[in-house]
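2 protein chains.
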Amino acid sequence: MDVGEKSFRDAVDAKIVETCPSDLSSASIREIVSLVGSVEAGTGVEFIRMEMGIPSLPAPTEGVEAEKGAIDAGVASKYPPIDGIPELKTAAAEFAKLFLDVEIPSSNCVPTTGAMQATFAIFMTACRADSPKKCVLLIDPGFPVQKQQLETLGVEYVSVDIYAHRGPEKLKAVLTPIFERGDISTVVYSTPNNPAWMCLSDEELEVIGSLAGEHGAVVVEDLAYFAMDFRCDYSKPGVPPYPPTVAKWTDSYILVFSASKMFSYAGQRIGFMAVSPALFKRRFPGLKRWFSSDEFGHALVYGALYALSSGTSHSAQHALAAMLAAANGGQLDFVAPLREYARRAAAMKKAFLDAGFELVYSMDAGEPLADGFYFTVSYPGMSGDELLRELLRHGISAISLAITGSTRRDGIRACVSLVEMVRVKELRRRLGLFRESVGKHCEKY
Amino acid sequence: MDVGEKSFRDAVDAKIVETCPSDLSSASIREIVSLVGSVEAGTGVEFIRMEMGIPSLPAPTEGVEAEKGAIDAGVASKYPPIDGIPELKTAAAEFAKLFLDVEIPSSNCVPTTGAMQATFAIFMTACRADSPKKCVLLIDPGFPVQKQQLETLGVEYVSVDIYAHRGPEKLKAVLTPIFERGDISTVVYSTPNNPAWMCLSDEELEVIGSLAGEHGAVVVEDLAYFAMDFRCDYSKPGVPPYPPTVAKWTDSYILVFSASKMFSYAGQRIGFMAVSPALFKRRFPGLKRWFSSDEFGHALVYGALYALSSGTSHSAQHALAAMLAAANGGQLDFVAPLREYARRAAAMKKAFLDAGFELVYSMDAGEPLADGFYFTVSYPGMSGDELLRELLRHGISAISLAITGSTRRDGIRACVSLVEMVRVKELRRRLGLFRESVGKHCEKY
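Protein chains in written order, with this note's numbering: chain C, 233 to 677; chain D, 233 to 677.
Since the hints were derived computationally from the structure, they do not count as laboratory data. In this text the structure is predicted, and so the values were computed from the model without any measurement. One should not assume that every hint holds.
If chains are identical, the list can't say which one is meant, so a pair holds when it fits in one copy or spans any two.
Claimed, not checked - In silico DMTMM-like cross-links for lysine to aspartate or glutamate, where the CA-CA straight-line distance does not exceed 20 Å:
no., residue 1, residue 2
1, K329, D483
2, K379, D393
3, K366, E383
4, K480, E401
Using the sequences plus the hints, can you model the full thing?
Structure below.
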């Protein structure tokens with residue numbers, strides 16, 4: 233059986249009816265994963281899988297050896313401290329200094345069960361700190377699961393797709409009226425961001441930081457793809473340039489780091505958050521309704537994180553501590569292997585453009601977008617639902633931009649990490665068949 | 233410096249003022265831990281530490297080797313499935329069959345970042361499933377952090393101290409009016425329980441299961457201390473007796489297991505929950521407000537657990553799978569090493585009784601309470617606050633029963649796990665000094 237043939241199309245269509253009976257473009261990442269898995273099992277055809285952001289590089293030896301060593305030393309039987317083992321707290325603070333040029337005390341650097349747990353704990357705390365402020369501002373497009381977290385917590389949010397509002401003036405114009413409503417407790421964005429791979433500039437972060445400061449909001453900077461704007465070399469500890477960060481522009485911020493992409497350590501669910509000194513110590517009377525303390529840092533760590541899982545894997549903390557320390561000392565160049573993603577992105581984007589696709593998000597504040605972990609494409613005249621269905625029928629999987637807070641409901645997000653360079657030729661062949669088939673059925677579109 | 237001397241008392245008193253300025257009996261476990269740590273550091277006197285339930289036995293080789301092997305095989309870089317690796321799901325289902333005589337499909341056995349994350353996810357789901365039912369029933373005394381979880385979620389709860397209501401008739405009499413209010417969504421208890429070490433009988437569990445079934449409530453059975461009622465031998469797979477369980481008496485239950493105590497694996501934050509088939513598939517329209525699905529199991533796993541941490545440590549899942557499989561196969565007798573806790577409890581209880589203390593919870597439905605991980609004591613004429621303070625001044629730490637939902641506000645909970653048998657002599661000496669000092673200051677009490 234080959235992609236695009238009637239029998240394969242029928243198999244895909246049947247699974248779509250089974251798993252996503254309504255609109256395919258509202259299907260979650262996990263639903264697409266499960267759909268593709270069962271089509272692959274049923275047809276024997278291997279998909280070009282672009283739906284999920286899974287690292288495909290091996291974990292660094294420094295992490296693996298430290299983790300095994302910690303298990304040998306007996307950590308498996310001992311509860312980790314809720315706020316993290318000292319080695320990790322120290323290495324995290326040094327990392328923030330050496331790779332971002334930001335001073336945060338080690339006491340304010342706290343490990344979490346992945347960045348996911350960090351944002352959940354932050355939403356539990358920051359969104360309730362200042363009672364009249366009931367709303368979170370999501371600078372979109374962004375990570376769909378953060379919306380899901382807010383929904384499960386019953387916290388309101390407002391989303392702004394800033395693609396058409398880049399640069400400090402336009403950004404200020406679109407964000408100011410939202411802050412002026414007076415109900416924004418927390419601002420969240422990622423940079424580079426998922427899915428559009430936009431990287432916020434220093435001037436744009438100044439706008440966000442100043443507005444948040446002026447209106448008393450907490451800024452959450454999600455650095456899941458830290459140092460992966462490959463247009464700049466951010467790989468040298470203590471050497472400029474440093475990635476732009478809001479930490480330069482407000483004293484009320486939390487930086488969220490994940491080992492998943494940065495160190496290809498997704499399996500162990502480990503990350504950390506670094507809370508600004510002023511925010512950590514700030515007292516919010518509103519917190520007393522939910523936690524035993526009104527001090528932000530205390531409520532976040534001993535209230536939210538303790539209730540969520542009573543700390544995070546002891547051995548994984550040792551792994552992260554060792555990887556950070558090796559990066560800080562210059563023994564581990566964690567950025568070098570990640571450049572493979574940029575090479576794949578360049579080759580895959582070209583394959584899509586050659587087949588008549590267009591980039592949805594193509595520019596980054598006046599410059600061409602960097603090649604990174606994700607890119608976004610659309611096909612002239614097709615809706616997101618139609619495009620995703622037709623790609624699946626040709627053995628290519630992705631997710632719809634509709635679930636990311638993007639206003640571009642005709643596009644899809646492609647993740648490059650699972651597509652090795654040797655598969656790009658097959659991607660080209662399938663996109664050729666796609667184009668032919670869409671031509672044949674053009675009366676439909 | 234010695235315990236009980238004026239300089240030591242002053243050091244303790246100063247730290248109490250610093251860390252717990254209000255009522256000492258409302259201090260959390262973590263606050264006592266921190267207080268004791270700083271007195272130890274300041275005075276050089278090592279406490280008899282009974283405040284925290286930390287396993288003190290080494291982790292089983294089966295877990296340690298499987299975890300290191302999984303890391304060597306490369307799991308650190310790969311996201312684990314949200315619902316767990318197949319090996320763990322299968323071993324967990326077999327464990328429920330062989331050690332509890334309960335049939336639960338492997339699809340319904342899901343790993344969590346410790347039992348703590350399991351109860352958090354369950355509260356997020358079960359307490360919201362049936363909208364008019366807004367309240368959780370806690371069968372107390374119980375684990376203080378479950379109350380903290382409910383408070384951070386903004387979920388109401390009602391607590392009943394059942395010590396004076398043991399046996400099926402009395403239990404039914406005290407629980408029925410609460411269920412008849414019509415607002416109980418979820419019932420939670422642990423057995424053996426923390427802190428009173430009561431073990432619910434088959435007849436009592438029938439009462440709880442029937443009432444819950446009749447009133448449409450979900451029962452959460454917290455088995456953190458599974459098989460640790462050492463009066464019975466629950467150590468043989470597939471061989472009776474089995475611990476009593478509510479799974480025999482209702483079709484709407486969740487069993488929560490933790491590797492922390494059972495396998496002395498607390499450091500890796502790993503446990504699992506097993507959801508009854510009827511509950512897993514049940515649809516609750518109320519869930520749609522919070523999750524994308526109204527099916528209980530789907531909302532619990534792909535809604536709550538996904539949002540909380542996107543799964544749990546990949547290597548720790550392999551460790552737990554290996555330990556469960558070894559227990560199932562009879563190669564690992566996980567109960568045998570845990571009997572050390574019973575030996576310590578017997579010796580420590582005797583030391584307290586000889587010094588004039590009384591057991592707060594001494595009977596278990598007509599039989600003398602089993603020796604286990606915790607016991608509870610009071611001292612005639614002293615309040616919980618006074619008792620805890622005076623014990624701390626004599627180098628003995630514990631927590632107040634007041635924070636556990638107990639109605640006995642004069643008692644303390646003692647955990648045996650950190651007190652090795654060789655320290656019992658020193659415990660006796662300090663309790664002697666305590667008694668002398670209390671005699672001298674008896675005008676105070």
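Find the hints from earlier in the document that the structure breaks and name them by number, from lowest to highest.
Going through the list in order, the structure violates no hint and respects every one.
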